[in-house]
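Novice: All chains, please: the whole structure from these sequences, using the hints.
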Amino acid sequence: MAGCDQGRMSEYQIRFEPSPRRVRVEFNGTWVADSERALILHETRLPPAYYFPREDVQVALLEKTEQVTHCPIRGNATYWTLRAAGALAENAAWSYEEPYEEGAPVKGYISFYPDRVSAVYDGDDEIPQLARAEPGLHANSIGGWLLAEAWKAATPEALVDGFCRCLKACGVPVARMTVITPTLHPQVFASVFVWREDSGMRTIFEPHDILRQAKFKDSPFALILRGAGGVRRRLEQRDAKLDFPVVKDLSAEGATDYVAMPFHFADGQLNVLSMTSFAPGGFSTSDLGRVYEVLPAFGRMLEVHAQRRTAVTLLQTFLGRHTGARVLDGLVKHGDGEHIEAVVWFSDLRDSTALSQSMGRDAYLVYLNRYFHCMAGAIMEKGGEVLRFIGDAALAIFPIGGSWSGSTGAAEACRRALAAAQLAGERIAEDNAAHPARNPIRYGIGLHLGQVTYGNIGVPERLEFTVIGSAANAAARVESMTKTLGRNLVISAAFAEAYPGKLEALGNFKLKDVEGEQPLFTLSSVPST
861 MAGCDQGRMS EYQIRFEPSP RRVRVEFNGT WVADSERALI LHETRLPPAY YFPREDVQVA
921 LLEKTEQVTH CPIRGNATYW TLRAAGALAE NAAWSYEEPY EEGAPVKGYI SFYPDRVSAV
981 YDGDDEIPQL ARAEPGLHAN SIGGWLLAEA WKAATPEALV DGFCRCLKAC GVPVARMTVI
1041 TPTLHPQVFA SVFVWREDSG MRTIFEPHDI LRQAKFKDSP FALILRGAGG VRRRLEQRDA
1101 KLDFPVVKDL SAEGATDYVA MPFHFADGQL NVLSMTSFAP GGFSTSDLGR VYEVLPAFGR
1161 MLEVHAQRRT AVTLLQTFLG RHTGARVLDG LVKHGDGEHI EAVVWFSDLR DSTALSQSMG
1221 RDAYLVYLNR YFHCMAGAIM EKGGEVLRFI GDAALAIFPI GGSWSGSTGA AEACRRALAA
1281 AQLAGERIAE DNAAHPARNP IRYGIGLHLG QVTYGNIGVP ERLEFTVIGS AANAAARVES
1341 MTKTLGRNLV ISAAFAEAYP GKLEALGNFK LKDVEGEQPL FTLSSVPST
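Using the numbering used here, you'd call the opening residue of the sequence shown number 861 and step up by one each time.
No wet-lab data here; the hints were simulated from the structure. A quick note: this is a predicted structure, and the numbers were derived from the prediction, not measured. Just to be clear, a hint being listed does not mean it is correct.
What the hints assert, rightly or not - Think about it this way: if two alpha-carbon atoms lie no more than 20 Å apart in a straight line, the pair counts; the simulated DMTMM-like pairs of lysine to aspartate or glutamate are:
1. 1101 with 957
2. 1242 with 1272
3. 967 with 1069
4. 1101 with 961
5. 1028 with 1009
6. 1343 with 1373
7. 1343 with 1286
8. 1075 with 1103
9. 1028 with 1058
10. 1108 with 1078
11. 1101 with 958
12. 924 with 975
13. 967 with 984
14. 967 with 926
15. 1343 with 1364
16. 1028 with 896
17. 1075 with 1113
18. 1077 with 1109
19. 1028 with 1069
20. 967 with 894
21. 924 with 950
22. 1242 with 1211
23. 1101 with 1113
24. 1242 with 1286
25. 967 with 957
26. 1101 with 962
27. 967 with 1021
28. 967 with 903
Specialist: Next comes the structure, spelled out in structure tokens:
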């Protein structure tokens, strides 16, 4: 795999050594640390970090903060704000209170960010603020893949799959990976990308209800998403800490190592990546260091895919599945659109004005959503596109031919529209029967077939994607006859002509703003309310 040649793999190492000289930290004229027992941490591509025993630090000047970060090598870092002589430096120091094995030498020690204090002295010499050594991501073989290959991934699944394959090619013994990214969706809490060495990729869209389920609440993911840092469990050890159900299960399967760590998107969103190994010894310091080093870059690439998926979701939710896709494809300018043939659906809730006045706002909102759940849900399930909610009315189309994805012939579009009307009627009848003490939902549906203009209308600063034209108006006129005729469904002659099945003729009637009398029809199998 390009960018992951093990022959040129760059190792990642950490090493502690005692400082040979006295080390001091000064902040705003106050010596906040002064030690002859400081430890120096040397870490690949990072400047040296000085760690001070607590006894040699003026801990009274430190105030613990809520910030926590995670290093898969050393563990979770606790942060401290420094106050001295009237000055304050937020999160200027950190410590590892319960470090992993590799961080044990500095357990309880405190280190300071050189750029957040006044000066750090090694002996009598001030230590310059050293920049992070940055030879480029190519110094890390995994980073080389991120630069050379990752951009080719067309989906988040392809990115995660490629990342895992790169890790394997670079010698990281990962057998399983799970990536969790919370998402902005009315039904989905998070996208969960699951990779298995033996079965490949799959994606799970977890609902918001997962937050109340034990499998999530008792997992490391819940802990990390609450900001508690990360988790590392060495499962080969006799005294392995099996404090999560998932860790117990992995141990029983023979896993040797498990690590779960947070990573952020540019907007601050917290996500989680976990890795499992079944190899003897699990993950080495080099394995975890190299992954940890490239995690921000991986996160940025995943964020691009996540943002597009969120954009698609939001556009589909607020505009409709097909309409949202068209906006993403570039139909965004004032006047963009096309002429299409379609079955036009117009439905309305009866007695809505009186109900809204008698029920109260909250109760009426619940009532209205019950109605739309039955009505709009049926339209979408049968292949229609809900274009607008106009108060308590809904405008939808079932496209015929043309460039519309999923469009059909006229006869099939009519069948789908009638199937949606039947399904909506059945669901409303069931809902009314299940709530006999509540106001029953009463409605009307008008179906027409004709040509409409489908596109952007409005002003350049505020556009709406919808359909306009005489066919859309005719559907509303047909629906207005449902109350007059005492029917839940009324169908136009144009629809009846294209529909190959049998309909019930209702007679000829005058429609508002339509010249002459028009024959109208219905389908008797649609439940009556």
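Novice: The structure should be examined with respect to each hint, and the outcome stated for every one.
Specialist: Quick rundown of the hints versus the structure:
{"no.": "1", "hint": "1101 with 957", "in the structure": "17 Å, holds"}
{"no.": "2", "hint": "1242 with 1272", "in the structure": "11 Å, holds"}
{"no.": "3", "hint": "967 with 1069", "in the structure": "39 Å, violated"}
{"no.": "4", "hint": "1101 with 961", "in the structure": "13 Å, holds"}
{"no.": "5", "hint": "1028 with 1009", "in the structure": "15 Å, holds"}
{"no.": "6", "hint": "1343 with 1373", "in the structure": "18 Å, holds"}
{"no.": "7", "hint": "1343 with 1286", "in the structure": "19 Å, holds"}
{"no.": "8", "hint": "1075 with 1103", "in the structure": "13 Å, holds"}
{"no.": "9", "hint": "1028 with 1058", "in the structure": "13 Å, holds"}
{"no.": "10", "hint": "1108 with 1078", "in the structure": "12 Å, holds"}
{"no.": "11", "hint": "1101 with 958", "in the structure": "13 Å, holds"}
{"no.": "12", "hint": "924 with 975", "in the structure": "19 Å, holds"}
{"no.": "13", "hint": "967 with 984", "in the structure": "27 Å, violated"}
{"no.": "14", "hint": "967 with 926", "in the structure": "19 Å, holds"}
{"no.": "15", "hint": "1343 with 1364", "in the structure": "17 Å, holds"}
{"no.": "16", "hint": "1028 with 896", "in the structure": "43 Å, violated"}
{"no.": "17", "hint": "1075 with 1113", "in the structure": "18 Å, holds"}
{"no.": "18", "hint": "1077 with 1109", "in the structure": "16 Å, holds"}
{"no.": "19", "hint": "1028 with 1069", "in the structure": "34 Å, violated"}
{"no.": "20", "hint": "967 with 894", "in the structure": "18 Å, holds"}
{"no.": "21", "hint": "924 with 950", "in the structure": "10 Å, holds"}
{"no.": "22", "hint": "1242 with 1211", "in the structure": "27 Å, violated"}
{"no.": "23", "hint": "1101 with 1113", "in the structure": "15 Å, holds"}
{"no.": "24", "hint": "1242 with 1286", "in the structure": "14 Å, holds"}
{"no.": "25", "hint": "967 with 957", "in the structure": "6 Å, holds"}
{"no.": "26", "hint": "1101 with 962", "in the structure": "16 Å, holds"}
{"no.": "27", "hint": "967 with 1021", "in the structure": "36 Å, violated"}
{"no.": "28", "hint": "967 with 903", "in the structure": "17 Å, holds"}
Of the numbered hints given earlier, the model fails hints 3, 13, 16, 19, 22 and 27; all others are met.
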